[in-house]
Every structure is written in C-alpha cells, then in structure tokens.
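Student: From first to last, the protein sequence lines stand for chains D and F.
Under the working numbering, think of the first position of the first sequence as 19, with each following residue one higher.
Under the working numbering, think of the first position of the second sequence as 19, with each following residue one higher.
Honestly, I wouldn't trust all of these hints.
Unchecked claim - Not everything, but these chain D residues come out facing chain F in the computed CB check (under 8 Å):
{"hint": "1", "residue": "Y168"}
{"hint": "2", "residue": "N202"}
{"hint": "3", "residue": "G209"}
{"hint": "4", "residue": "T217"}
{"hint": "5", "residue": "T218"}
{"hint": "6", "residue": "Y253"}
{"hint": "7", "residue": "G255"}
{"hint": "8", "residue": "Y280"}
{"hint": "9", "residue": "K290"}
{"hint": "10", "residue": "A294"}
{"hint": "11", "residue": "V304"}
{"hint": "12", "residue": "A306"}
What the hints assert, rightly or not - Stretch-level coverage of chain D by chain F, calculated; a stretch enters the list once three of its residues show a Cβ under 8 Å from a Cβ in chain F:
{"hint": "13", "stretch": "109 to 121"}
{"hint": "14", "stretch": "161 to 167"}
{"hint": "15", "stretch": "237 to 244"}
{"hint": "16", "stretch": "256 to 267"}
Simulated from the structure, these hints should not be mistaken for laboratory data.
Here a beta-carbon is modelled for each residue, glycine too, at the ideal position from N, C-alpha and C.
There are 2 protein chains.
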Amino acid sequence: MIIDCHGHYTTAPKALIAWREAQIAALANPSAAREKGSIRISDDEIRESLEGAQLKLQRERGTDLTIFSPRAAGMAHHIGDAIASLHWSQHCNDLIHRVCTLYPDNFVGVCQLPQSPGVAPDNCIGELERCVTELGFIGCNLNPDPSGGYWTAPPLTDRYWYPLYEKMVELDVPAMVHVSSSCNPNFHATGAHYLNADTTAFMQFLTADLFKDFPILRFIIPHGGGAVPYHWGRYRGLAQDLKRPAVVDLIRDHIFFDTCVYHLPGIELLLKVVPADNILFGSEMVGAVRGIDPETGQYFDDTRRYIEQVRFISDADKQKIFEGNARRVYPRISRVRAVTT
Amino acid sequence: MIIDCHGHYTTAPKALIAWREAQIAALANPSAAREKGSIRISDDEIRESLEGAQLKLQRERGTDLTIFSPRAAGMAHHIGDAIASLHWSQHCNDLIHRVCTLYPDNFVGVCQLPQSPGVAPDNCIGELERCVTELGFIGCNLNPDPSGGYWTAPPLTDRYWYPLYEKMVELDVPAMVHVSSSCNPNFHATGAHYLNADTTAFMQFLTADLFKDFPILRFIIPHGGGAVPYHWGRYRGLAQDLKRPAVVDLIRDHIFFDTCVYHLPGIELLLKVVPADNILFGSEMVGAVRGIDPETGQYFDDTRRYIEQVRFISDADKQKIFEGNARRVYPRISRVRAVTT
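Using the sequences and the accompanying hints, generate a full structural model.
Tutor: Structure below.
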C-alpha cells in the first residue's frame with residue numbers, strides 16, 4: 019500500500035471559493051453581520067472535482083491513500099481575523115470530511131487550523147479536537163507564519179504554541195509545518211515561502227529543547243525538508259558548533275520529511291542523507307508543479323517514480339517510506355485503514 | 019590557481035568590533051555627535067588576525083586567492099540609520115583594503131554597502147564607486163533584506179534597485195546576494211536566514227524580466243544557491259508552468275552559485291544539476307561552520323575536498339569552477355591577478 023502524506027484539495031468546487039470571496043468582501047465592511055453561513059456543494063460536484071484529478075492520478079501512479087487537507091495557499095491566515103479564519107477553516111475542513119466520506123479508500127483527512135496573526139494558537143484547539151474526534155482526521159497543518167510572509171509570530175519552539183501541542187499530544191496527532199500564501203511581494207509562495215518555512219522550522223527545532231518538553235510530539239516538514247537535506251553537512255556542523263544534539267538524534271522521533279522533491283537527483287540526495295525512518299512518501303499532487311518534465315516525459319510531481327529508481331536503499335526501507343512511517347507518524351490512520359502486507 | 023569567491027573577515031581585530039559597539043551605544047542617544055571617527059589597528063594586528071586563520075587554511079587546503087569582504091553577519095543594516103551604516107561600511111571596507119594591500123597575493127576585496135531599511139539603495143552608489151575605483155575592489159555584497167528578517171524592502175527585481183544596478187553595470191562588478199544577521203527570532207542567521215534569502219532571490223529573478231533590462235548584470239547566490247539545486251525539478255517545473263524562460267537560460271549569463279555546501283552528497287547534487295559554467299568555488303572560510311566533521315575527519319567547510327572527489331565532471335569543468343568562472347563573473351579580478359595555466 020502506498021500512502022501519500024501530502025495532498026491538498028486544490029481542485030475544490032467553485033462554490034467554496036465563491037464563499038471565501040464573499041467573506042473577504044464582507045470583511046471590508048466591519049459593520050456587516052459575521053455569519054458562518056453555508057455552502058451548497060453536491061456530492062456529484064465533489065466527485066467531479068476529484069475524478070479527473072487526484073483520483074485519476076492515484077490510479078495512474080499506483081498510489082492508494084492520500085492524507086488530504088484543504089488547499090495550503092487558500093488558508094491565507096493573514097486575511098481577516100480569528101472569527102473569519104474559524105468560519106473559513108470549518109468550511110474547508112467539513113468539505114475534506116465529505117471527500118473522505120465519499121472516498122474512504124482514497125482519502126483521510128488532515129485539518130486546517132483557524133490561525134490568525136497575533137492570536138495565540140489556543141484558539142485552534144477546539145477545531146483540532148472537532149476534526150479529530152468528530153470527523154476522523156489524523157493530523158493538522160500548522161502555519162509557522164500566519165502573517166503571510168512577515169514572520170511576526172514567535173518561533174515554533176516558543177511556549178506560545180504549547181497549549182496546541184498539548185492537545186496534539188493528547189490526541190496523538192502530528193502537524194505538518196506548512197505556510198500559506200504570501201502577501202509579502204518578496205516571497206513567491208510555492209517557489210520561496212514554502213521552502214523557507216521548512217528550512218526555518220527545522221533550525222528552530224535544532225536550537226531549542228521543545229522535544230524535551232514534548233517527548234512524543236511529531237512534525238512533518240514538507241517539500242523534502244526545504245533546504246535541509248541539501249545542507250545536511252551545514253546542519254550537522256551547526257549542531258556540533260552549537261553543542262546541540264546530533265541532527266539524527268534530533269529528528270529520530272520528532273521530525274519527518276516528505277518526498278515532494280521533483281527530480282531524481284534531489285530524491286537521491288534525500289534518501290542518501292536522511293534516515294529512511296524519517297522520510298514519508300508525498301507528492302503534493304495536485305499542487306505546486308503540474309506540468310510534465312520534458313526531460314523524462316513524466317509529471318514532475320510523480321515522485322513515486324524517482325523513489326522506485328533509487329537502487330541504494332532496500333525494499334524494506336522503501337516500504338517504510340511508502341507506508342510504514344506514515345502509520346507510525348499518523349497512528350490514527352490505522353483506525354481508518356488496516357495495514358496491508 | 020584556486021579562487022575562493024566567498025570569504026568574510028570574521029576574524030577582524032577587536033578594535034573594529036569595539037568601534038561598532040561604541041557606535042551602537044551612541045545611537046541610543048540621538049543628540050550625540052555623529053562622527054565617523056577613526057579606528058586604530060596596526061598592520062601587525064591585521065597579520066595576526068589572518069595568519070592563524072584564513073592564511074593558514076589557504077595553505078593547508080591549497081587554495082590561492084580569496085575574494086574577501088567584511089563579515090556578513092556584522093553588516094547588520096537594520097541597526098541605526100543610513101549615516102550609521104555608511105560610517106560602519108566605510109570602516110569595514112577600509113580594513114578589507116588594508117588586508118588586500120598587505121596580502122595582495124591572497125585577498126581581493128568585495129565591499130559592504132551602506133544599506134539601511136527604508137532607504138533607497140541609491141545611497142550605496144558612492145561607496146561602491148569608491149571601493150571599486152579607489153580601493154581596487156571587484157564586487158559588492160547586496161543585502162535583499164536590510165530589515166534583518168522582516169523583509170520590508172521591495173524584491174530585487176523592483177526598479178527600486180535599478181540605480182545601483184546601473185552603477186554595477188558601469189563598473190562591471192557583480193553582487194553576491196547576502197543577507198546579514200537576523201533580528202527576527204524566527205530566523206537563525208546561518209541556519210535559516212542566509213539560505214532563505216538565497217532561495218528567495220532566485221525565485222524573484224525567475225519571475226521577473228530584470229535581465230532584459232540589464233543584459234550584463236550578474237549575481238552570485240551563495241551557500242550553494244540555498245534550496246535551489248535540491249529543488250531543481252520544482253524550479254524547472256515552475257518556470258514551465260509560469261511560462262518563464264527555462265532555468266538554464268535564466269541563469270546562463272546572470273546567476274552563479276558558490277560551493278558552500280558542507281558535505282559530499284550536496285556538492286554532488288550541485289555539480290549534477292547546475293551547469294559547471296554557473297558554479298564558483300567558495301568555502302565561506304572562516305565562517306558559518308568551523309568544526310571538523312567526525313565522519314570524514316576533515317573540516318566541514320573544506321569544500322575543495324568534496325569537489326575533488328567528484329568523478330563525473332571533467333577536469334576542464336573543475337578548472338572553470340576553481341578559477342575560470344570567477345574571472346568571468348568578476349572581470350576586474352584579472353587586473354589584480356594574472357591568469358595562470
């Protein structure tokens with residue numbers, strides 16, 4: 019079985035986007051009523067949005083189950099306030115739940131959190147709990163920069179985040195560290211902001227004792243870990259110079275990289291330097307890069323192909339990357355889908 | 019001959035730091051006189067600061083000439099105003115000039131610019147011109163984020179920067195894109211901010227037509243290009259999706275990566291995906307990572323060793339990386355040091 023740990027609902031029906039646009043328009047008028055309202059989307063519209071996209075690509079690529087969350091760029095926590103973020107997050111998460119209910123063999127949910135700049139993440143605990151205990155979700159996406167490119171929140175290792183971590187530990191769910199769109203013109207979202215956040219989070223974890231306080235807290239750093247595996251020597255050296263634990267010890271039970279790296283040499287590097295136990299198969303499909311690589315004739319984001327081509331790791335390690343590690347990092351997945359052999 | 023394109027004067031005599039500390043203390047008192055003042059450092063103090071560090075390592079590692087600039091983390095453009103930045107930059111650049119005068123076979127200068135948050139970079143033209151025409155410098159370090167981690171300046175492709183680029187073109191000098199220390203607690207300088215800036219700048223260049231306006235403008239993106247070579251497939255795919263020029267065409271005459279990547283698999287990746295014409299040998303010695311890698315018994319930042327171990331590129335390509343490309347990107351270097359064969 020192949021579990022793709024990184025899929026967003028980038029093809030959601032237009033009614034979802036229309037609701038968000040209306041919400042944003044209403045925010046311009048502070049005296050307008052702040053109703054969550056409802057969104058009318060039929061089951062057929064949901065099926066249609068997936069059949070020609072994620073489901074088709076799952077079949078074509080031979081992957082089975084996608085850990086599925088709302089569109090990352092759509093979270094846009096920097097827009098509006100905490101109430102707006104909550105309403106929007108609930109709608110997005112409810113739609114993911116409908117996807118998972120319609121296609122329980124193909125999708126399992128991860129939630130968007132109702133973060134908002136300057137608002138302590140305590141406000142996310144209720145929605146996380148609702149999604150996990152009522153909707154059967156298995157994790158959350160955590161945005162280290164709700165400001166959308168100005169980085170005004172405290173580092174992820176600050177006690178500011180601890181109440182949310184306590185709930186994650188209680189529910190035994192991990193978080194994927196994932197920023198949203200950037201409203202800072204310096205940062206292209208998928209070409210810079212996403213990768214920068216991955217790199218930034220890793221170095222925050224390296225320089226603090228967060229995991230002493232939370233011995234079972236787990237994070238997935240997506241997009242192959244940003245710049246981290248490419249600079250593995252730099253991080254090993256910095257950890258040594260700073261008298262911090264060795265990088266392999268830091269990550270062992272806590273930090274996991276996905277395989278959203280869209281060329282063979284990058285995947286080879288990842289698999290060469292990062293222990294197989296800390297890598298989860300992911301493709302970000304349908305996501306940041308949608309084209310076909312003229313050099314290979316295959317989709318850039320068909321990351322399974324790259325991994326299959328690597329000869330220097332064992333089949334047992336590949337099995338961990340494709341399935342076993344996801345089950346370990348997201349233990350609630352096994353309540354949804356049994357282990358295959 | 020081996021030219022190291024990336025060295026900072028991280029071992030400068032204490033009197034330099036003392037001057038800066040006094041300047042910062044004086045900034046707290048706005049009514050204090052704003053004198054540039056002078057710094058007393060003897061030639062022997064300069065020799066002493068280098069003999070046991072950069073010069074010793076040049077000899078041990080068999081490198082010849084270092085393109086040498088003030089300490090990057092020390093620039094701290096976010097401290098004080100443009101006048102403070104100018105005084106500080108002039109002192110730092112003058113000291114680099116003394117180093118290059120004392121050791122003309124070992125060092126050639128690159129200058130710090132007197133950038134300041136919210137101040138258009140026109141204010142840097144005078145110091146760039148002074149350093150190039152009077153002090154014999156061959157390039158500059160350009161900070162894309164003078165705010166020190168809040169990213170409040172326009173992207174490097176904005177017309178805001180054009181007057182400085184016009185002067186760079188006129189003088190035929192390149193810029194290394196290099197941020198300074200971070201005053202944003204999210205970003206560790208050498209473990210996150212530096213690499214993020216590299217990644218960010220590359221994506222800015224990819225999404226704009228800067229090089230149509232400046233056909234001979236050249237940038238070095240240090241630290242192996244941040245996350246870029248590791249995500250080469252992502253960038254090739256994004257360029258294609260966005261209908262931008264192919265990445266190899268974008269970089270050909272304009273963007274160059276150094277080899278400050280501190281492990282063999284990272285260097286192998288860099289040399290595999292980036293054309294040899296766009297790679298310049300660099301070590302950042304004495305810099306971000308100062309220890310010895312217990313896995314190899316060698317210094318992490320002894321990057322020559324990694325390149326020498328790579329078998330899949332030709333000796334001719336290695337010669338370009340070690341010398342030829344630096345002479346092409348920094349043409350003024352050949353006024354200082356003749357080509358060896």
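Student: Hints first: check each against the structure and report whether it holds.
Tutor: Cross-check of the supplied hints:
A hinted interface residue such as Y168 (chain D) counts as satisfied when its beta carbon comes closer than 8 Å to some beta carbon of chain F; here the least separation is about 6 Å, so the hint holds. For the restraint placing N202 (chain D) at the interface with chain F, the shortest Cβ-Cβ distance is roughly 5 Å, inside the 8 Å limit, so the hint holds. With its C-beta approaching chain F no nearer than about 4 Å, G209 (chain D) sits inside the 8 Å limit, and its interface hint holds. Proximity of T217 (chain D) to chain F holds as hinted, the smallest CB-CB distance being about 5 Å (cut-off 8 Å).
Nearest Cβ of chain F to the Cβ of T218 (chain D): about 5 Å, under the 8 Å cut. The hint holds. Interface restraint check: Y253 (chain D) against chain F, minimum CB-CB distance 7 Å, threshold 8 Å, status holds. At about 3 Å, the closest approach between the beta carbon of G255 (chain D) and any beta carbon in chain F falls short of 8 Å, and the interface hint on this residue holds. Taking 8 Å as the C-beta contact cut-off toward chain F, the hint placing Y280 (chain D) at the interface holds, the least distance being around 3 Å.
For the restraint placing K290 (chain D) at the interface with chain F, the shortest Cβ-Cβ distance is roughly 5 Å, inside the 8 Å limit, so the hint holds. Hint status for A294 (chain D) relative to chain F: violated, with the closest Cβ pair at about 15 Å, above 8 Å. Because the closest C-beta pair between V304 (chain D) and chain F is about 12 Å apart, greater than 8 Å, the hint is violated. The interface hint given for A306 (chain D) holds, since its Cβ lies 7 Å from the closest Cβ of chain F, which is under the 8 Å cut-off.
Three residues within the 8 Å Cβ limit are the bar, and the stretch 109 to 121 of chain D against chain F gives 0, so the coverage statement is violated. With 3 residues having a beta carbon nearer than 8 Å to a beta carbon of chain F, the stretch 161 to 167 of chain D meets the requirement of three or more and the stated coverage holds. With a threshold of 8 Å between beta carbons, the proposed coverage of the stretch 237 to 244 of chain D by chain F holds, since 3 of its residues qualify and at least three are required. Three residues within the 8 Å Cβ limit are the bar, and the stretch 256 to 267 of chain D against chain F gives 3, so the coverage statement holds.
In summary, the structure is inconsistent with hints 10, 11 and 13 from the numbered list given earlier, while agreeing with the others.
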